[in-house]
Each structure stands twice: as C-alpha cells, then as structure tokens.
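If you want the building blocks of each chain, they are given just below.
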Amino acid sequence: NAGVMQNPRHLVRRRGQEARLRCSPMKGHSHVYWYRQLPEEGLKFMVYLQKENIIDESGMPKERFSAEFPKEGPSILRIQQVVRGDSAAYFCASSPPRDRGSSYNEQFFGPGTRLTVL
Amino acid sequence: RKEVEQDPGPFNVPEGATVAFNCTYSNSASQSFFWYRQDCRKEPKLLMSVYSSGNEDGRFTAQLNRASQYISLLIRDSKLSDSATYLCVLASGSYQLTFGKGTKLSVIP
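Here the protein sequences line up with chains H and G, keeping their order. Take the first sequence: its position 43, counted from the start at 1, is 43 in the numbering used here, and no numbers get skipped. Take the second sequence: its position 17, counted from the start at 1, is 17 in the numbering used here, and no numbers get skipped.
Warning: the hint list may mix true and false statements.
Said to hold, decoys possible - Mimicking DSS-like on lysine-lysine, the simulated pairs with C-alpha atoms at most 30 Å apart in a straight line are:
| id | chain 1 | residue 1 | chain 2 | residue 2 |
| --- | --- | --- | --- | --- |
| 1 | H | K71 | G | K45 |
| 2 | H | K44 | G | K101 |
| 3 | G | K42 | G | K104 |
| 4 | H | K51 | G | K42 |
| 5 | H | K71 | G | K42 |
Hints are computed from structural coordinates only; laboratory data are not their basis.
One chain only, chain H, in its complex shape:
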C-alpha cells in the first residue's frame, strides 16, 4: 500500500512564475490537508479538502494561493506569481474517512515538495 505521494519533490521557480504541487493520498483516504514549513519554522496548516470540496482554507494566504481536490486525480496546490517568501517545504497529508468514535483522525504525511523561488 503506497503512502502519500507528492510531486515534484523539488521545484525551482523564478519570481512571477506559477508553481503547481501535486498530492495523491493513500489508497482509501478521502481527506487531504496541505501544510507549509518555512525555514526554521514549524509546519503551518493551510487547507483541508475532501473530494470536490474545500472544507477549511483558514490557513491559506488570501492571494495567489489556491487548492483543489477534483473527483479524479491528485490534489493540487497552486501558487501564482511566486515570490521569494514562498520558498518552503509544502507537505500534504491524508486521512481515511472519519471514525465517528474518535476525536482525531490520524494524518499520514507525504515526503513534501521543496519549492525554491529564485
């Protein structure tokens, strides 16, 4: 059973370009989360998606960032007009359908995409 897959693992963009980060959840998982880790910082929640729905985007910057999880295919985190401050590791996590008896649904993390903006 493959784990969470992310690609590319490394992405280099020049200022002003677009970055597209992809995440394929674990088999059987219908919930996807994106986190960002700036250098020397902890991971910060960005967005929580289920198929075709954004459940919580409270951690997303207001501009230039968007996320989707279509019916078919991977989840996409899109950053338009990248700036140097976007350089970070972007981690995707997935979890199975929620167990109603549990207060927390364990998330499994992918290897991350390291974005470098020149």
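Model the placement of chain G on the given structure of chain H, informed by the hints.
Frame of chain H; chain G shown alone:
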C-alpha cells in the same frame, strides 16, 4: 504567547543517555496531543500520542499535564538512530494540527 513552545536545542547527548523534552501550549481547548519525529529534510512521522495517564512505548515515555498545559517526552538509552527533530503537536478538533518548531536531538557515539 506562542501556541506551542519548545526548546529548539540542540540537545547533544551520548549514546545510552536519558534525555527529556518539554513543550507548553496556550490553547486550553486542545484535545489531542502527539509527539512527531522529523528527520532532516523529511516528512514528520507520528512517534506517539500523549495521554494524561502517561504512556510508554519501549524506550519512549510521554506525559500530559492539562492543568499546567505541559507535555513531555522522555527517551531512555538513546540510540544514534534517535537523532532527529522532535515535534510537539496539538489537535483542537478532528483535523487541524498545530506544530511546535521542534527540538533537535543529536545522539553522539
């Protein structure tokens, strides 16, 4: 006050030593608590959940003090392979995780 505070370290300890990490949190509504491990330039991996009653997994013992909003991790008989950054993590609901910056541990031969 930061949501999750950890001593960044680094903690440099010899093999076989016992080392303890602490973490404090500000959100009293936090419901679930965890220690994750993150190796250099890798993804975080769940090490163990933390309960008020305390829990132990081999050489690792975790403890939660809700009254003091304090979490601890004890590692006994340190191995070289324990070298990593240890992240204190909280969940306030069913999904949103709040991460500390982590404490770096280096176990020295």
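Here is how each hint holds up against the structure:
no.	hint	result
1	K71(H) <-> K45(G)	holds, 28 Å
2	K44(H) <-> K101(G)	holds, 10 Å
3	K42(G) <-> K104(G)	holds, 14 Å
4	K51(H) <-> K42(G)	holds, 27 Å
5	K71(H) <-> K42(G)	holds, 29 Å
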